[in-house]
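S.K.: Below, each chain spelled out in residue letters.
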Amino acid sequence: MMTRFTRAFGPVVLATGLAFGTLAAAGPQDDTLRAAMAGEILNLDYLYTTRREYIVLAQMTDATLFNMNPDTQQIEPGVALSYEFVDDMTIDVQLRDDVRFHDGSPLTAADVAYTYNWVTNEESESHAQALISRWLDRVEVTGDHSLRFHLSAINPLIIRDMAQRVMLRKEGAYHQGDSVDTNAMAIDLIGAGPYRVASFEPGVEVVLERFDDFYGNAPEIGTIVVRNLPDMGTQQAELMSGGINWMFNVPLDVARSLGAQPSIDHLAGPDLRVSFIVMDAAGLAQEDGPMTNLQVRRAMNHAVNKPEIAEFLMGGGASEAIYSACHPVQFGCVQDVMRYEYDPERARALLAEAGYPDGFSLDLWAYRERPVSEAVMADLEAVGIDVNLRYVQLETLNQARAQREIPAYIGTWGSSGVADTALIARVHFSDTSDRHLSGDAQVVEWVMAAEQTADQDARLALYSQAITRIAEQAYWVPLVSYSADYLVTSDLEFPLDNDGVPRLQNASWK
Amino acid sequence: MVNYILQRAALALAVALTVSLAAFFLLNIATDPAYAIAGEEADPEVIEQIRIRYGLDRPLWVRYMDWLSGVLRGDFGVSYYWNKPVAALVAERVGTTLTLAFSALAVTICIAIPLGAMAALNRNTWIDRFALWLAVSAQAVPNFWLGLILIILFAVMMPILPVSGDSTWQHFVLPAFVLGASSVPPVMRLMRTGLIEVMGSDYIRTARAKGYRGRALLMRHALRNALLPVVSVLAVQLGQKVGGSVITESIFAINGLGRLALQSILGADIPTVQMLIFLFALVFVATNLLADILNAALDPRIRIG
Chain A
1 MMTRFTRAFG PVVLATGLAF GTLAAAGPQD DTLRAAMAGE ILNLDYLYTT RREYIVLAQM
61 TDATLFNMNP DTQQIEPGVA LSYEFVDDMT IDVQLRDDVR FHDGSPLTAA DVAYTYNWVT
121 NEESESHAQA LISRWLDRVE VTGDHSLRFH LSAINPLIIR DMAQRVMLRK EGAYHQGDSV
181 DTNAMAIDLI GAGPYRVASF EPGVEVVLER FDDFYGNAPE IGTIVVRNLP DMGTQQAELM
241 SGGINWMFNV PLDVARSLGA QPSIDHLAGP DLRVSFIVMD AAGLAQEDGP MTNLQVRRAM
301 NHAVNKPEIA EFLMGGGASE AIYSACHPVQ FGCVQDVMRY EYDPERARAL LAEAGYPDGF
361 SLDLWAYRER PVSEAVMADL EAVGIDVNLR YVQLETLNQA RAQREIPAYI GTWGSSGVAD
421 TALIARVHFS DTSDRHLSGD AQVVEWVMAA EQTADQDARL ALYSQAITRI AEQAYWVPLV
481 SYSADYLVTS DLEFPLDNDG VPRLQNASWK
Chain B
511 MVNYILQRAA LALAVALTVS LAAFFLLNIA TDPAYAIAGE EADPEVIEQI RIRYGLDRPL
571 WVRYMDWLSG VLRGDFGVSY YWNKPVAALV AERVGTTLTL AFSALAVTIC IAIPLGAMAA
631 LNRNTWIDRF ALWLAVSAQA VPNFWLGLIL IILFAVMMPI LPVSGDSTWQ HFVLPAFVLG
691 ASSVPPVMRL MRTGLIEVMG SDYIRTARAK GYRGRALLMR HALRNALLPV VSVLAVQLGQ
751 KVGGSVITES IFAINGLGRL ALQSILGADI PTVQMLIFLF ALVFVATNLL ADILNAALDP
811 RIRIG
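Residue numbers (my numbering), protein chains in the order written: chain A, 1 to 510; chain B, 511 to 815.
In case anyone wonders, no lab produced these hints; they're calculated from the structure. Note that the coordinates shown come from a computational prediction; the quantities given were computed from them, not determined experimentally. Do not take every clue at face value.
Unchecked claim - Below, computed lysine to any residue pairings styled on SDA-like, alpha-carbon distance capped at 25 Å:
(1) B/K720 <-> B/L733
(2) B/K594 <-> A/E201
(3) B/K594 <-> A/I187
All chains should be built: construct the whole structure from the sequences, respecting the hints.
M.R.: Structure, rendered in structure tokens:
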């Protein structure tokens, strides 16, 4: 209630206040960018975390073997200068020789091998383990700055995983003699990124200082302070009083309201997150429920006015209606699929054909963007579906879905900022995932086959088949893509990237 | 009195354990902590790994008995969310919350008692009406709204106080006022009613007959008895300040127990939630006990009775 109130009235009251008051100066005087994050920062080690806030921090503090260009989605050199497939199951990697960790020690092949072998070791309990273990057997040091990766499986996303998931650690980072400490890097992180951690108070503040020995391009801003401010209203007040320069994940109404102030800019860019309705086509929750009927699923696709949701509820810079079960910019996300335009009359006709002329009752679960959920509910009710909106915490939805109690839910997926359909397809259309409600073995086969070849053309063909069939069978109601909305003080230059991941290390003062 | 205190302490423990049992089962029924710990886009394999690592795959009653046996040994477990001993986590933050709670209580006392006394001594005048209006208004204003307004006034429009944080005493001024203001109406009204009642009693009439007037009459005879119910309420209010500072601590980004409670609930951090509920229940019973002892000290009739 508090958040809704402050979201609704905070900007209005603050704007009124500004008309009568004066602003404290916010600026580059001390060359310190102060950023706010609502999510708690408790652990600086990205090998043990997954949330978006941690990705943002890891981009600043850590180095990876390769970098991904967010605009082109191409892999570029990072700590590694190059890689070469010796055969299908072996990759040789050549490292730079001028990379240093934040404690001054040089980064060598032994450090890289230690990191990867540690991640795949069950003892590590790393959050990256499941992903990397899918393709990595072991890493062998072949020289001071050269390595050989021995693979356990072919995977098209190997280099991308190297670029985005495995942050490099010093040899022995998690070992003290015979004892293992998986939390060793949680607080006192030693990375090799453009910023080093100067101080960290979990749940309160992280202070980052520019690392002068960084091997790549030096960031322009000397110090970045990331503060945990859980309340959006407090973040707004801090922004207006000069306490912070940057806030993200800003609701559209707040962003538009405060962005109208002369000292504050509203920035909006694309985000890889998409939303969609997943329907229990397999009848896991209700064996012969309405969701198992193709005509009903198609009717639901026609019933929802996606363009208006995108324009009026999501808005921002880049939100748009989507028609495929993935983000349009992702590799493999074909767009020439069966489209269900907004057509409530057609939806009613399909429901009647399906044997539901008077509609039916539906428990629709949701956990995020309540206004969108309510708009979807209203659209479905307009064609005769009596929706009981079960708006819950994400964990509750996850639990209910795992117990096969959900006939339909509004899901969202950010693909960890990776523009490849693999990141959304596997988790939603594989037999090992409880998110998979279609029951379509053919789709699963195509999706899994696409992960077992490095041939990009073959992958494209497989995803094309899978995405096309998902649309034909209307397993989902794809809804909209998200917009990434930021509020920044107008003295800050903050470039936006296409993948929606904020990169504070690229910010500068105007 | 010693027996009485021991009885109440045993009751406090029983209440705290009962509440923790209810909280444990409700939290586990409501959500799966493994999902909360893993994050929104974690792989199913990671979630399963977490479930096994934290023992979440064991039956509920086994996990509760495990927790209970730990508590009896003084071990409150390790936070899922913060990955450190819960007792250490609470110890780190309790000082901040106590500082806020006592500051808020001081605000309540400084406003409510003089205002209540003035209203009682000037019954049916504009002062009385103003005090009652203030009490009604203060009760109608939610904490988060008052917090926002104060931030706008004193941190944005007139930037004389910080918006958020807890590193200096200035950071506590606004939150203490917000938290303290919510207790002003009940305390002020109780003070007013109590003093009106006392001022009309026989012994005050006797004191007047003996020549006591004004300040001496108020301080030596009236106030002491009028404060009796107020002390009870203040003690309960202190408990509420410690346990109920969730919204205030979140708005002002104060790193105390209230914010910890909110984070733990949202993160399904069951060991931390349980310890906090256990602690808050103890604080409530303890502050009630404190109120009884203070009342006994202030009024000899209670001691005899």
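S.K.: Next pair to validate is B/K594 with A/E201; report whether the Cα-Cα distance is within 25 Å.
M.R.: holds, 14 Å
S.K.: Between B/K594 and A/I187, is the straight-line Cα distance small enough, at 25 Å or below?
M.R.: Holds. B/K594 to A/I187 sits at ~12 Å (cutoff 25 Å).
S.K.: Is B/K720 within 25 Å of B/L733, Cα to Cα?
M.R.: holds, 18 Å
Of the numbered hints stated above, none is contradicted by the structure.
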